[in-house]
Amino acid sequence: MDKLAMIKRAEELVGTIEDLPTIPVVATQVLLLLDKPDVRIEDVADLMLTDQVMTARVMKMVNSPVFKPGHEITSLRRALVYLGLKHIRELALATSLIDAFDSDSGNFEINAFWEHSFGVGMVSKIIAEKIGYADIEKAYIGGIIHDLGVVFLSQYQREEFQAILDSIKDKPIKLVDAEIERLGTTHCEIGLCMARKWNFPEVYCELISYHHTPTEATIDPVLCAIVNLSDLFCSVRELNYGGKEWVSFNLSEEEGWKILRKEAPNLANLDVERFCYELDDAIPDVKELVSSIFNSQEQAGD
Amino acid sequence: MPISDNDFIQLRDFIYSICGMYFHTTKKYFLESRLARRMETTGAKTYPEYYQLLKSPRGAEEMKYLMDEITTNETYFFRNVPQLTALETKLLPEIVETKNKMGFRKLRIWSAGSSSGEEAYTMSMMLLEKRSTLLKDWIIEIVGTDINETVISQAKEGIYNAYSVRNIPDIYKRKYIKEENGKFLLSPEVKKFVTFNKLNLYDDSKMIFMKSFDFIFCANVLIYFDTASKSKVVQHFYNNLQPYGYFFVGQSESLHGVNDKFKTVHFPGGFTYKK
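Chains as they are written, first to last, in my numbering: chain F, 382 to 683; chain C, 179 to 453.
One chain only, chain C, in its complex shape (with noise of 0.2 Å):
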């Protein structure tokens, strides 16, 4: 069913207000494709009706699977392209620089809400790209993080389909992958950086020992959570970043009204926080 212009915003600013993510007027029909399932599945005929049961005291756990809808097969390597040119650009040899200064020849990354890995694995592979120049005997460590331990363990294995590696570029392809029997395996090299551990980012005990990050990404993940639980999350990233660090959230995402200590830094085709 077509969604009308006037539909198409009331439920994209309603999402947005929710959960903190833009649909572009690009993106109308994809949204259109993704709300089309969840209406048959809660038999909402119309989307002003759909939109009613979201604002309903079911809606929150109906906005849980509508956000699944929309995350399905979001995961896939070097997904956001705006955003690691602006690593390799900038962003990276700025945090090399300052910690040349100091003497503190270490990076820490952390993808939180890692999922199956793809993203932890591709800042893997940028960095060892630049293994024999800017971070020239420099330690890396990778951490990936999430609370589903199925994910967990298909991350720690490292194998993928067509699918996931379809956006890497083919000089990292020919460098680190390889193809057995329609798999795509990753390099020893690629996944000696990394380590994946379980961890809910409710969980304040275990949040707070994650520290001295020069970057976290977090995609998709915050738009899961109410404000307030968004905001308490948001400040433990906050407090594990170096002072000279970079948060990260998804294309189309937003922290407005979330944390306010967060600056916006913006580069071609999106933008991060910094402290």
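Excised from the complex, chain F in its bound form (with noise of 0.2 Å):
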């Protein structure tokens, strides 16, 4: 299907909802200080630091072995300095996301949808490791981020959403046809919305439109093919959201791949059935670590 219209139909579903959530406060303020050429570190965690709860989230995201800081990060200073300032827009706008949509209100339950999420983050930075991407980081938060839609739909089209779940079960059917079908639009559209919505810098617009078709993306296929294949990984080992879609994929022949054998030869000899069987090694890392961003209100001091 054209991706204009169905850009235009996600745009109409997505305009319908007055209610949509807004970044917080904070994030807000954090985003247009990082928007001054003069912009100091200090200032940027100052301010963090009046939001504790986004603080310990910044704090859990980056010490947690999901992400493997080679020691731990102590101070939210430290975090950013780690992290680098082009990151912290990032981070805000990952934590803002964790609050905007932190509820059980949708098809899914919140921690299959941050476990998938998070899942697809630590992923998406072993493999951009592994071909010498050059944005660990990126790879990360974008994989955080790329079913920004899926929250959407799961939350404001949720009879409609629930429709198509029920219409793929334990079959080997795309998420993404059924949605076109149904709705005109994919999750990837309705995302990129959203993400537009709440400015969030282009190249993550990119990643959340393109991460189930990376060969169309122009400003950063690789990290659309990273992120795609981290996706795919994850749907088939234990962090799938609890096996909403049935997926099943010839790695030989998806365009991700083929992208990142192209940046990256040495990828040819990755041992693709153990690095299966470490991902399921690593699930529980990833399911503590979601845990621990939703069920706990532990503060992190500076």
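Keep in mind the hints are simulated off the structure, nothing from the lab. A portion of the hints provided could be inaccurate.
Straight-line C-alpha distance at most 20 Å; calculated PhoX-like pairs for lysine-lysine [unchecked claim]:
1. K639/F - K441/C
2. K555/F - K268/C
3. K453/C - K639/F
Over 12 Å on every C-beta distance to chain F, these chain C residues come out as not near it, computed from the model [claimed, not checked]:
4. T204
5. K205
6. Y254
7. F256
8. N258
9. K277
10. I318
11. G336
12. S342
13. P366
14. S383
15. I386
16. K389
17. Q429
18. K441
19. T442
C-beta: ideal position from N, C-alpha, C; glycine also.
Two independent chains are provided; combine them into the complex using the hints.
Dropping the structure here:
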């Protein structure tokens, strides 16, 4: 189906929702601050610290074995230094996303959704490292936010989305295909509209829009391919939204795989089988991170 | 003796590199208990000592004993559920469609290293259920082969204990299994699709005649072979498979470094190999 028509349809759907979540005040201020040319990390840290929930989430996301910093990062300022100024924006957006959709009101159990998202973040980071992708943190955050549109559908198109999920249950039908048939658009275009509304950087908008069709990306197809493959791998291991979609794929035929093979020929030697088994082993880490982000109010200071 | 994380990783990586079998972290205690028996027999007092033994010239033989310990009681009906689900959901309908188009309505399945026959009969039950729908008027041939004549006789007999049949879903159990004096007997209709033969997978002269299979299963067999033998045997499987067929190994097994022609096809909870 025509991409522009699908984006238009997504705009209509997103446009009908009046109480679409907004980005928390502090996150908005952080984003504004980051736009200033002479911004200092200290200022950003001071501002973020006024929102202790956000601070705690940033600390957990950075210190989790899923992200694997070389050593424990104990202060927010260090976390920000470690990530670099350019990634604070994404981090603020990712934590805002968690805030905006921190409820069980949709079709998914919220933990299952975030386990998939953080799982894709983790695998994206691993693949990014393997292929020598320049910006590993971007891959991590991109993985976390790729399914933004799914959250919208599960919260604001609840009945329709449930019907879609029921129609594909235990069948080898792709979610995006069922979405096109019933909605005339997919979670990719809906996610794109939301990302634009929230002023996500363009590269993330593209990622959200093309994570199922990486060859169509123009700004950073490699990033789209990384997240595309991570998404596929998580969908066939136990980070699959509790089995809502029955995914199967021939790796050698995947466009994401072809893009990455071209980018990094050494990927041909990847032990794919072991990669899957190791992914299984890392699942408890992902689950623990998600439950620590959502189920505790523990705070972190500077 | 509790195994430390380091010792576990060292042994797991070594076993994987030699046998192609991966021990998930969740299987740590299982591996620990199986190692305990081998360490008692060999007199190795610590895990590093046992690791040294595996790496020594006597290691290849010891590895076979260890694999025996690990695969004991690993043969039962409906063992690999993700694999069976993938077959039912996608792979079988796909092959049926391909062959329907060619007007070639015959399905050939091989259980290589069939042991007492559970895998071959599991397939038979699953396909029987589709006799009135997907596989109406199809010819079904399931071949089980093993090098061991004792297990072949058992397979032909088709009589099982409670452990073997514990995973069979009720719907199949009611139709195809009869209990008599604590033993479980297979119905003749399940048996009629399956034949069992003695076969040595190393025997090239016999292997070349195992032709035109749609699905080949070989679980917990290749783990006993060295890399060169594995490559040779897997190449035979490759040749014996239809162009659209699938080759399955056991849960946690891997063919990485054994054959670079097969492609991995992934599905929830597992993967299979395709030409």
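Structure-based check of each hint:
no., hint, result
1, K639/F - K441/C, "holds (14 Å)"
2, K555/F - K268/C, "holds (13 Å)"
3, K453/C - K639/F, "holds (18 Å)"
4, T204, "violated (8 Å)"
5, K205, "violated (10 Å)"
6, Y254, "holds (22 Å)"
7, F256, "holds (17 Å)"
8, N258, "holds (15 Å)"
9, K277, "holds (18 Å)"
10, I318, "holds (23 Å)"
11, G336, "holds (31 Å)"
12, S342, "holds (27 Å)"
13, P366, "holds (32 Å)"
14, S383, "holds (31 Å)"
15, I386, "holds (27 Å)"
16, K389, "holds (24 Å)"
17, Q429, "violated (10 Å)"
18, K441, "violated (4 Å)"
19, T442, "violated (5 Å)"
Comparing the model with each earlier hint shows violations of hints 4, 5, 17, 18 and 19; every other hint is respected.
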